[in-house]
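Q: Here are the chains, one letter per residue:
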Amino acid sequence: MRAGNIERVKRRMLQEAVAENLDVIRGLPPRALRPSSRFVRIWLKRAPFLVALLTLLGSSYLIANGGSGTVVNPLPVQRAAVIGSRQAGLPVPREAVMSPERMTASAFPLTVKRVVLDAGHGGNDPGATAPNIFEKEITLDIGRRLRALLESDGFDVVVTRDADRTIALKDRAHLANASKSDIFVSIHVNALVKHTASRGIETYYLGTTSDPKLTALAAAENRVSGYSVSDMRRLLEGVYADARRDESHELAMAVQRNLFTKLRVEDPGLENWGVKRAPFIVLVATDMPAVLAEVGCISNDKESAMLRRPEYRQKIADALFEGIRSYASANVTRADAPQKKGIEKNG
Amino acid sequence: MAEILNVGIDLGTSRSAISASNGERFVVDSFVGWPVDMVARKVLKRDVLIGHEAVANRTMLDLHRPLERGLLKEGSEKDVEAVRELLKHLLRLVGVGSNGTAASNVRAVVGVPAASLRTNKQYLRNAMKGIVDSLLIVTEPFAVAYGLDALLHTLIIDIGAGTTDFCVMKGRYPTEEDQRTLTVAGDSIDTQLLKLIEERYSQANVTVFMVRDWKEKYSYVGDAAEPVLVTAPVKGVPTELDITGEMKTACETIIPPIVETMLDLLARVEPEFQERVRNNIILSGGGGLIRGLAPALEAALQAVGGGSVRYMDDPVFIGSDGGLALAQDAPEGDWEKLSA
Chain A
1 MRAGNIERVK
11 RRMLQEAVAE
21 NLDVIRGLPP
31 RALRPSSRFV
41 RIWLKRAPFL
51 VALLTLLGSS
61 YLIANGGSGT
71 VVNPLPVQRA
81 AVIGSRQAGL
91 PVPREAVMSP
101 ERMTASAFPL
111 TVKRVVLDAG
121 HGGNDPGATA
131 PNIFEKEITL
141 DIGRRLRALL
151 ESDGFDVVVT
161 RDADRTIALK
171 DRAHLANASK
181 SDIFVSIHVN
191 ALVKHTASRG
201 IETYYLGTTS
211 DPKLTALAAA
221 ENRVSGYSVS
231 DMRRLLEGVY
241 ADARRDESHE
251 LAMAVQRNLF
261 TKLRVEDPGL
271 ENWGVKRAPF
281 IVLVATDMPA
291 VLAEVGCISN
301 DKESAMLRRP
311 EYRQKIADAL
321 FEGIRSYASA
331 NVTRADAPQK
341 KGIEKNG
Chain B
1 MAEILNVGID
11 LGTSRSAISA
21 SNGERFVVDS
31 FVGWPVDMVA
41 RKVLKRDVLI
51 GHEAVANRTM
61 LDLHRPLERG
71 LLKEGSEKDV
81 EAVRELLKHL
91 LRLVGVGSNG
101 TAASNVRAVV
111 GVPAASLRTN
121 KQYLRNAMKG
131 IVDSLLIVTE
141 PFAVAYGLDA
151 LLHTLIIDIG
161 AGTTDFCVMK
171 GRYPTEEDQR
181 TLTVAGDSID
191 TQLLKLIEER
201 YSQANVTVFM
211 VRDWKEKYSY
221 VGDAAEPVLV
231 TAPVKGVPTE
241 LDITGEMKTA
251 CETIIPPIVE
261 TMLDLLARVE
271 PEFQERVRNN
281 IILSGGGGLI
291 RGLAPALEAA
301 LQAVGGGSVR
311 YMDDPVFIGS
321 DGGLALAQDA
331 PEGDWEKLSA
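Each protein sequence line maps, in turn, to chains A and B. Residue numbering for the first sequence follows the numbering used here, starting at 1 and increasing by one per position. Residue numbering for the second sequence follows the numbering used here, starting at 1 and increasing by one per position.
The set of hints was computed from the structure by calculation and includes no laboratory data. Cβ atoms here follow ideal geometry from the backbone N, Cα and C, with glycine treated the same way. A hint or two may mislead.
Unchecked claim - Here are the simulated distance ranges between beta carbons:
| no. | chain 1 | residue 1 | chain 2 | residue 2 | range |
| --- | --- | --- | --- | --- | --- |
| 1 | B | Pro-295 | A | Ile-6 | 28 to 34 Å |
| 2 | A | Glu-311 | B | Leu-263 | 25 to 31 Å |
| 3 | B | Arg-276 | A | Asp-287 | 53 to 59 Å |
| 4 | A | Leu-28 | B | Gly-95 | 47 to 53 Å |
| 5 | A | Ile-6 | B | Lys-78 | 24 to 30 Å |
| 6 | A | Lys-113 | B | Lys-337 | 47 to 53 Å |
| 7 | B | Arg-268 | A | Thr-261 | 36 to 42 Å |
| 8 | A | Arg-144 | B | Asp-329 | 55 to 61 Å |
| 9 | B | Gly-306 | A | Pro-131 | 50 to 56 Å |
| 10 | B | Ala-299 | A | Glu-271 | 21 to 27 Å |
| 11 | B | Asn-22 | A | Ala-168 | 48 to 54 Å |
| 12 | B | Arg-291 | A | Ala-168 | 48 to 54 Å |
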């Protein structure tokens with residue numbers, strides 16, 4: 001660590017040591033057993049935004065239901081939230097908005113408008129390879145096909161690369177964050193050097209893993225990240241308490257489900273390796289729900305041959321499109337489902 | 001305004017060390033004794049004896065070792081009094097009560113075992129009332145890490161007399177998950193060594209104090225550099241005893257639990273940082289002086305990809321120096337909140 005960083009870390013540690021001592025003096029229970037002050041701080045910071053949003057929803061309801069349209073009586077925040085939720089036609093328990101419980105982005109009927117597509121690797125980084133074919137080529141082609149599908153369906157699409165260019169993972173994340181997009185989908189192709197007989201589909205979302213294989217895979221994909229270890233740590237710490245992880249999980253489930261069910265029709269031997277967590281840089285450093293799909297396995301001869309076929313790549317793009325659309329529509333529907341009780345433990 | 005004296009105190013089961021901002025550093029045996037009767041008081045000419053003096057004159061004293069497994073023994077007023085005497089003695093050694101420094105101008109950081117409960121800390125805080133102006137209690141391995149600036153990707157293994165404390169430093173104030181405490185430590189070696197010697201030399205008259213001295217001089221694991229020969233009375237006759245094997249066996253009893261705990265903590269580190277932590281393991285405390293211990297732990301690390309275990313040069317004061325660093329860095333406003 002640099003000297004400045006050491007001093008900063010020391011100051012923070014000292015503050016925490018003093019806080020713990022003060023808790024002992026005051027006879028307070030351990031912080032881990034108390035409602036998360038961080039949670040409260042986060043929502044206090046977001047309060048102005050929430051008030052504005054909920055008021056808007058309430059106003060819309062009044063207008064739609066014969067309100068004056070010009071003079072709208074201000075509504076209490078909780079009341080406005082309940083009314084706004086009813087717009088979609090399903091009941092929402094009052095406590096879902098009244099109690100200080102964990103809420104996800106799906107607490108509000110927001111739609112997915114802008115999608116970032118990240119074609120893995122590129123330029124000097126070919127990714128996984130097989131004779132006469134590179135991962136970077138496959139991902140770019142699928143990305144282009146997927147972009148066309150999404151745009152034709154009304155989505156705004158931002159791509160991290162549209163040509164065979166080297167782009168650091170850090171720059172990809174910056175681009176995604178700057179674009180204020182709603183979701184991030186990274187397209188990759190697997191290679192299992194020691195298990196060439198295996199072929200399957202898997203989708204990742206952000207999280208830690210104790211599986212050394214997944215760690216190795218993440219390390220390989222993170223090779224040209226451009227992030228330092230301290231950057232990585234900061235990013236990881238920042239994300240764990242975030243509802244974004246739950247949303248990423250939902251998106252990963254939708255993408256994986258569609259990829260597997262649709263591609264298995266083309267290849268009955270395809271295995272479902274499921275939804276997993278791993279600390280890929282592009283998932284850590286992006287601000288929006290993010291997934292990384294390993295859409296095939298280039299190390300398997302049969303699948304490598306299929307990936308060479310444009311028709312199969314189109315099938316992959318179709319499946320990804322259906323997965324994204326499924327998540328986007330469910331995002332609206334889930335807004336009206338009862339919220340989970342309590343504050344989930346992170347980790 | 002009177003000058004403030006910052007001190008770091010490593011309140012140990014066997015020894016307690018103090019480092020002060022005036023440059024003074026002392027270590028004393030954590031023993032406190034009161035003369036058992038008028039005769040003893042007349043001979044000793046003191047109301048209370050502390051440290052080595054107390055051990056040396058223990059036959060005439062009501063001897064107390066007020067800390068057990070690094071914690072103040074609860075429920076015993078005499079032990080509370082003993083720890084207060086011990087702390088006052090440490091502070092006197094660094095000049096409190098003389099040189100114009102009053103207790104009301106002392107700010108102390110005291111290290112306790114990693115697994116100390118909040119009630120233990122509150123108990124200690126109560127015991128220190130009136131002895132210092134302000135008190136900050138931290139875990140001992142954290143104090144060590146702070147003093148060494150080893151705040152990130154480091155595993156501290158602090159082997160004391162009563163406890164062996166582990167702490168993985170992750171760039172934040174350590175939580176319970178980051179720390180472990182074992183009661184396998186210097187005292188357990190003493191107990192084992194005494195038992196082994198008594199088994200082999202049943203006629204020898206050996207005490208735990210003698211065993212402790214021998215351990216501190218000759219402890220080792222692995223291969224012996226030379227025979228361990230000590231002298232003890234056998235039927236009243238000073239006799240040379242070869243305790244080479246017993247010393248090795250007793251010292252090596254602490255390795256399996258330490259290795260298991262070390263590997264368990266390492267496995268809980270984020271996968272991408274595990275190698276860095278494995279290569280940054282620091283041994284501190286008196287137990288760190290056991291010859292061959294660092295290589296033995298490194299050998300155990302081979303099973304998980306290898307690692308490096310370092311031993312610090314000044315293990316006796318490493319904790320109190322860390323406490324002093326904390327005391328000096330703590331902002332003025334914080335000290336006001338931490339009145340003892």
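Q: Quick one: are Gly-306 of chain B and Pro-131 of chain A within 50 to 56 Å, going by C-beta?
A: violated (37 Å)
Q: Starting from the range 55 to 61 Å, see whether the pair Arg-144 of chain A and Asp-329 of chain B falls in it by beta-carbon distance.
A: holds (56 Å)
Q: Does the Cβ pair Pro-295 of chain B, Ile-6 of chain A satisfy 28 to 34 Å?
A: holds (30 Å)
Q: Could you say whether the range 36 to 42 Å given as a hint is met by the Cβ separation of Arg-268 of chain B and Thr-261 of chain A?
A: holds (37 Å)
Q: Within 48 to 54 Å or not, the Cβ separation of Asn-22 of chain B and Ala-168 of chain A?
A: holds (53 Å)
Q: Just to be sure I understand the hint, the distance between the Cβ atoms of Ile-6 of chain A and Lys-78 of chain B should be within 24 to 30 Å; is that true here?
A: 44 Å Cβ-Cβ, so the 24 to 30 Å window is violated.
Q: Measuring from beta carbon to beta carbon, are Lys-113 of chain A and Lys-337 of chain B in 47 to 53 Å?
A: At 49 Å between Cβs, range holds.
Q: Within 53 to 59 Å or not, the Cβ separation of Arg-276 of chain B and Asp-287 of chain A?
A: violated (28 Å)
Q: Is 48 to 54 Å a correct range for the gap between the Cβ atoms of Arg-291 of chain B and Ala-168 of chain A?
A: Roughly 49 Å apart at Cβ, these two residues keep to the hinted range, so it holds.
Q: State, for the Cβ atoms of Glu-311 of chain A and Leu-263 of chain B, whether the hinted interval 25 to 31 Å holds or is violated.
A: Given a distance of about 51 Å, which is not inside 25 to 31 Å, the answer is violated.
Q: Kindly confirm whether 47 to 53 Å is satisfied by the beta carbon distance between Leu-28 of chain A and Gly-95 of chain B.
A: violated (36 Å)
Q: Is the hinted range of 21 to 27 Å satisfied by the C-beta distance from Ala-299 of chain B to Glu-271 of chain A?
A: violated (41 Å)
Of the numbered hints given earlier, the model fails hints 2, 3, 4, 5, 9 and 10; all others are met.
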